[in-house]
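Since chain E is already given, all that's left is putting chain L on it; use the hints.
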Amino acid sequence: MNRRTRLSLASALAAGALATVSACHSSNGALPGASGSSAAPVAKQAVSLGTAADSTGPDPAVAGAKSGGTVTVLQQNDFSHLDPARVYSSPNQTADLLLTRQLTSYQYVNGTTRLVGDLATGTGTPSDGDRTWTFTLKQGIKYQDGSTITAQDIKYGVERTFEASLSGGPSYLQTWLTGTANYSAAYPGPWGGKSLAAIQVPDSRTVVFHLTSPHADFPYAVAMQAYSPVPAAHDTRTAFDQDPFSSGPYMIQSHQADKSMVLVRSPGWNAATDPVRHAYPDEWKFEFGGQPLDIDQRLIAANSSDSTAMTFNTLVTSDVAEQVLSTPSLLARTVDQVSPFSTYFDINNKRITNLKERQALLMAFPRQQVREIFGGPLYGDYTNTILSPVTNGYQNYDLYHAPVTGDPAAAQKLLAASGNAHPTIVFAYAGTTQWEAAAVAVSTALDKAGFKVVTHEVDSKDYYDEIGDVNNDFDLYYAGWGPDWPSADTVIAPVFDGRLIAPDSPDTMLFNDPAVNKEIDRINAETDLSQQDQDWAALDKKIMAEAPIIPWVDLRQVSLYGPGLGGVHLGFIGTVYPLDVYVK
Amino acid sequence: MATLLTDAPLPEATTAAPPEGRSPGALAWRRFRRDRVGIASGIVVALFFVVGLGAPVISWLYGKNPYTTYGQNQPGLLNPYGYPLGSMGGMSSHFWLGVEPGLGRDVFTQLIYGIRTSLLISLTIVVIVTVLGTLVGLVAGYAGRWVDYSMSRVIDIVLCFPATLFFIAFIPVAQSVFVSPTQEVPTWMRAATVILVLSAFGWATTARLIRGQVLSLREREFIQSAQVIGVPARRIILRELLPNLWTPILISVSLAVPNYVTTEAALSFLGAGMVEPTPDWGRMIQRGAEVYSADFSYMLFPGLAMLVFVLAFNLLGDSVRDALDPKSTR
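First to last, the protein sequences are chains E and L.
The first sequence lines up with residues 1 to 584 when you count with the working numbering.
The second sequence lines up with residues 1001 to 1330 when you count with the working numbering.
These aren't lab readings, by the way, just hints derived from the structure by calculation.
One thing to keep in mind: the hints can contain errors.
[To be verified] Covered, in the sense of this in silico footprint (three residues per stretch, anywhere, with C-beta under 8 Å from a C-beta of chain E), are these stretches of chain L: (1) 1072-1082; (2) 1291-1301.
[What the hints assert, rightly or not] Some chain L residues flagged as far from chain E (calculated, every beta-carbon gap over 10 Å): (3) Ser1087; (4) Gly1102; (5) Arg1145; (6) Ala1192; (7) Ala1233; (8) Ile1236; (9) Trp1246; (10) Val1275; (11) Arg1283; (12) Leu1307.
Backbone N, C-alpha and C define an ideal beta-carbon position, used for all residues, glycine too.
With the rest of the complex left out, here is chain E:
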């Protein structure tokens, strides 16, 4: 299950969560204050696989960048995990960009993103119909103590993710290697002395993964921070979380939980081997504990050391939005891009089995009224699809042509055809002022269409547990999702595969269509990635014909950074990307 959904809720729950204004997004129309925005949106581009030449390193230089200096990162909370095996939420993943390297990684050059070999010389060689993947490691790749990163360490790093006590990380490789979602039963992890036969290490520079089913997008999966190398000799087990042994360009100098953390250069890291990390600053200082508004105000004031400060994921709050949007000097140092997170309203497909009724909900839903409460166009861009523009193969379509303000007349017609003109709908929402207001807007609009609306407040701490309950008594609730890599395999497969329905599973809409499940298997078995992308897009449309969700907005991220920094932009993880940042 993807922890990133939690982040997208968190940002939606944050007081006046705002994301950015992009001049490029025509769907929003002209936005006041947006004309000065220089930031490019995350391109609606495919993330292609780079060649071996792209993978050699060093990373092509950022124009005007220079080495040295200290960057301060202001974060609302400390990173909950740094142990790569437990890293899944986007702030944690962003921190681990600085502390770990993977077999493959995303390379950003002038707004284009490519997947290239990071520790490996390329993006892997498939054989046996994409069931076997072979990676060759580069030479000269070293840990913080100068020892060499070996293929055994890659294997050990993946094996650690099987340990039941190292919870919280993604489960893709574990499931693919063992063929079962209950992978810890198949292989308990390396601490008991057992080795995983599905990963073979013929020599210290070659690692071979044997999957139980074909996965053409395997190179993307190994780019996740969870599958970083860990040397068995330095595995401090659960203590690794506080002080991970660095394979990346920086290592931890000091870390006071919930207060501060300082990263300094790792002596073992060699820029010549690394095609994705620049590591321009000498030092990273993290400060934890500020409220979003405090962080915004410090970044606006940019006093002394704050002039080289940034934040990974704190959004510009509605309190200062007006000021930031109307001040060109502030707008010029704002990251302003659509993030990979899509948000939607789940229709409980187990309770509402009538297609016409689900379609009526979709037609009547006041998407604009609700978005206005969360900051309007700053919050995100309307979407009518399941996949977001950052996903490979994304196709924009609008199956229902539902107006964003809702169409009560059309909904009434659908309800009349459904046989029950006045069904009762339970709308569950997290107990914050904004969601309370949203509930008013939702019930007003649905009332007009003939629904009888019951609004049910859920304590915001328990929100995901309550809607994750497979026997929940709600009909309509907010949820969100961000892909783990730019393939629909990490969206449609986990969210809409009805066989995966379990407590807290991402299939919170409880959608289970055997035909769709079968199609997911069929697409996953395809070996051609571009064919997969096309088929995923077709499946997206097919699923929406059943109206299991009401697509709402693709979230945007607007974050400020200090005037003393350059090379700041959003990364695929959905946070401000630290690897191209330099001190001016």
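The following block gives chain L in isolation, referenced to the frame of chain E:
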């Protein structure tokens, strides 16, 4: 004999009585009328009552209600970010105090309906708290010995209980016990929970005050003589003691009302009180605190209204005390 004693003027009143011989009530009214601050705050308080209880009438005359999302229904009231267009939160001849950011409801009607919510809830609490507290205080103070001891310990425990924390934790739990998730928590039930929980902790203050008064009164000659001639305890409590306690009761009532108005608002502010769509000051101020830098007036009007109300009620309470009990000093 007992009747004669009951009708005897209060010792305080006797000393203050001018020669022409007025009743204590008339004397208090005379003193109150001379207090200009008292009169002014009394008028303000009366105005709040009229506006609050007459909210539906005012809303009907004004042509708006607190529930319609005007800003979302008609263009030109809110900008694309959900904030009111125009100065001072969208103040205009149509929307006297502007519109709410986000939903675009009318601020003026929300405010006057908010008064009604606050007043109805806090007055109910005050009535319950006063009746219960007076009874407990009377019994404890008059009975003495183990009755007084045990009741006083209960009062101590209630008084030192971390009440605010309890409210926040208990109110949602209490509501979820009685209402299934598929049903809306009815507004009357939310109000009832707030009233119940606040009353459960509020009576102790009144009880302790009354007990103290009773302790000093019961040593007075008129009570002792009543006891000596065999007047039943119940009659002594109701006919001898209670009439002498009206002054502290009235004063505590007049100071408790603004106290409960702010407490109720604080609970709503913390998310444990009244919820949407019931108009409520606490929630308006909470929303105002979130949007204050972009739309200051949305915090200003409910904040000002509450300030004026609490100030006026407290001043009125002071004046009532001065009028009823001229010997006490501020």
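Each hint, compared with the structure:
1. Restraint check on the stretch 1072-1082 of chain L versus chain E: 6 residues with Cβ-Cβ distances below 8 Å, three needed, restraint holds.
2. For the stretch 1291-1301 of chain L, the proposed coverage by chain E is satisfied: 4 residues have a C-beta within less than 8 Å of a C-beta in that chain, meeting the threshold of three.
3. Every beta carbon of chain E lies more than 10 Å from that of L/Ser1087, the smallest distance being close to 14 Å; the non-interface claim holds.
4. At the 10 Å boundary, the C-beta of L/Gly1102 falls inside the reach of chain E, the nearest C-beta of that chain being 4 Å off.
5. The claim that L/Arg1145 is not at the interface with chain E holds, since no C-beta of that chain comes within 10 Å of its own (minimum 46 Å).
6. Listed as outside the interface, L/Ala1192 is consistent with that label: its C-beta sits roughly 17 Å from the nearest C-beta of chain E, beyond the 10 Å cut-off.
7. At roughly 49 Å, the least C-beta separation between L/Ala1233 and chain E is larger than 10 Å, which holds for a residue marked as non-interface.
8. Non-interface call for L/Ile1236 relative to chain E: holds, since the shortest CB-CB distance, roughly 51 Å, exceeds 10 Å.
9. Residue-level check passed: L/Trp1246 sits 43 Å from the nearest beta carbon of chain E, beyond 10 Å.
10. Not every beta carbon of chain E lies more than 10 Å from that of L/Val1275, the smallest distance being close to 6 Å; the non-interface claim is violated.
11. Separation of L/Arg1283 from chain E is inadequate, the least Cβ-Cβ distance of about 7 Å not exceeding the 10 Å criterion.
12. A cut-off of 10 Å between C-beta atoms confirms that L/Leu1307 is not in contact with chain E; the least separation is 21 Å.
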